[in-house]
Amino acid sequence: MASNTFLSRRAFVGAGFAAAAAFGALPAAALNVDQARALIDKVVADINGVIGSGQSEAQMLGSFEKLFARYADVPTIARSALGAAARSASSAQMAAFTKAFQRYISRKYGRRFREFIGGRIEVNDAKPLKSYYEVISTAYLKGESPFEVRWHVGDKSGKNLFFNIIIEGVNMLASERAEIGAMLDKRKGDIDALVADLNAT
Amino acid sequence: MTVKIPLIRVLPLVVAGALLAGCAAAPASQGVNDPLEPMNRAVHGVNKGLDRAVVRPASKAYAAVVPEPLRQGVSNVADVLELPGDIANGLLQGRIDRAATNTLRLAANLTLGLGGLLDFASAAGMPEYKTDFGETLAVWGVGEGPYVELPLAGPSTARDAVGTVVDLAMNPLNGLFEGDDRTAAMGVAVLSRLNDRARYSGTIDSILYESADSYVQARLLYLQNRRFALGGGDAAGDEGGDAFIDPYEDSNGQ
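Residue numbers (numbering that gives the first Met the number 0), protein chains in the order written: chain A, 0 to 200; chain B, 0 to 253.
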């Protein structure tokens, strides 16, 4: 594969365009419980792959950011975390904030997932929840009692993506709303300052 | 004509009553009820200072000096010492099965677990049901009350603060240990807490020292996790629960 990198990348891009052309015009197929479960199965397989890969911390954090960008609805999570301030933000500010938020949250949660080294996550169940789906998984960590991780999955972005993670009742969206809200208060509501500080950490 | 009702016939009624009390339990709490915030924030500042100056360095030293298997053994003994309280609260909650499992755990770990050093029961597949009088009050239908941050003990609610005091005062072991034994039991409990502080240092440090408002993060984390634990682990699945946030609904309102 190494000798063919250029070719395969071209082939990949070409296939991607073809797929986009083929599916782009079609409405997104309605999400069902099996697809929601399949999405989280993939997320969990990829997380398990990263925590078992033996990568360095910096490499792992980069891998987690890629996973987050691929499987989570980052623009929606970022907008929700920003709360009421998102309404007065310009589209340039929202774009900059979303990018900074993606990096911030991948590093923050990536460092937690790093503690999962030697452990694994298993998907147990999936069920409808309002107009979304909830996928229930269990994390098995070395020397810990197993604990529950829930994933909320939706397709309102046009793709099947998760938008919340709930670990033993502790909700990522709720925590980040409080945290980003507090960061914004400290900067007297200045979104540009918030973005600059998120990028600096 | 006198009617004699044998105890054996009444007992199921008592148990059923306890179970009904469980069904009629306190309405699920939502949101944040924190009228004492200024005082709580002051206590939070003190607790954070204590953690920075004493608890965190002590936990690091403990983890550095004492090898992991020995620390685990001490924590296992601490868990065994908590079991009598867990059993008593399980009975008060009408959760006979959990109290019975905890009793088996106690017997197994005291004997095959060499006096509690080894957690034989968990290895044998007996789950541990940790509980406290705060949960008993919740099962009895007492509401959560306002959020409070306690000195040393940290995040709590009015209901859980009462529970903590009752658990300390009514611990079945109080009468059993005296003098040096009692000091040793307390030492084991403190070391077990230090071990937890060391083990979860990444998470705890990120909340206390890396978040923009550690008071708000600690409060949110405690309330969400406690409600989850008291809801039997299914709170997140309830449609009316706090856990479900629809971020698409917000953006539609723009």
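No lab work stands behind these hints, which were simulated from the structure alone.
Please note that a few of the clues may not be correct.
Unchecked claim - The list that follows gives simulated cross-link-like pairs (lysine-lysine, DSBU-like), each with its CA atoms no further than 30 angstroms apart:
hint, chain 1, residue 1, chain 2, residue 2
1, B, K47, A, K185
2, B, K129, A, K155
3, B, K129, A, K141
4, A, K141, B, K59
5, A, K107, B, K47
6, B, K59, A, K107
7, A, K126, A, K41
8, A, K107, A, K126
Verification of the hints:
1. This hinted pair checks out: K47/B and K185/A have alpha carbons roughly 20 angstroms apart, not beyond 30 angstroms.
2. Only pairs whose Cα atoms come within 30 angstroms are accepted, and K129/B paired with K155/A is rejected, the gap being roughly 40 angstroms.
3. In summary, the hint linking K129/B to K141/A is supported, as the alpha carbons are separated by about 20 angstroms, within the 30 angstroms threshold.
4. A C-alpha spacing of about 20 angstroms is found between K141/A and K59/B, which places the hinted pair at or below 30 angstroms, so the restraint holds.
5. Note on K107/A and K47/B: the hinted pairing holds, with a Cα-Cα distance of about 21 angstroms set against a maximum of 30 angstroms.
6. Restraint check for K59/B and K107/A: satisfied, since their Cα atoms lie roughly 22 angstroms apart, inside the 30 angstroms limit.
7. A distance of roughly 17 angstroms separates the Cα atoms of K126/A and K41/A; the hinted pair therefore holds under the 30 angstroms criterion.
8. Distance restraint check for K107/A and K126/A: the Cα-Cα separation of roughly 28 angstroms lies within the 30 angstroms cut-off, and the hinted pair is therefore satisfied.
Of the numbered hints stated above, the single one contradicted by the structure is hint 2.
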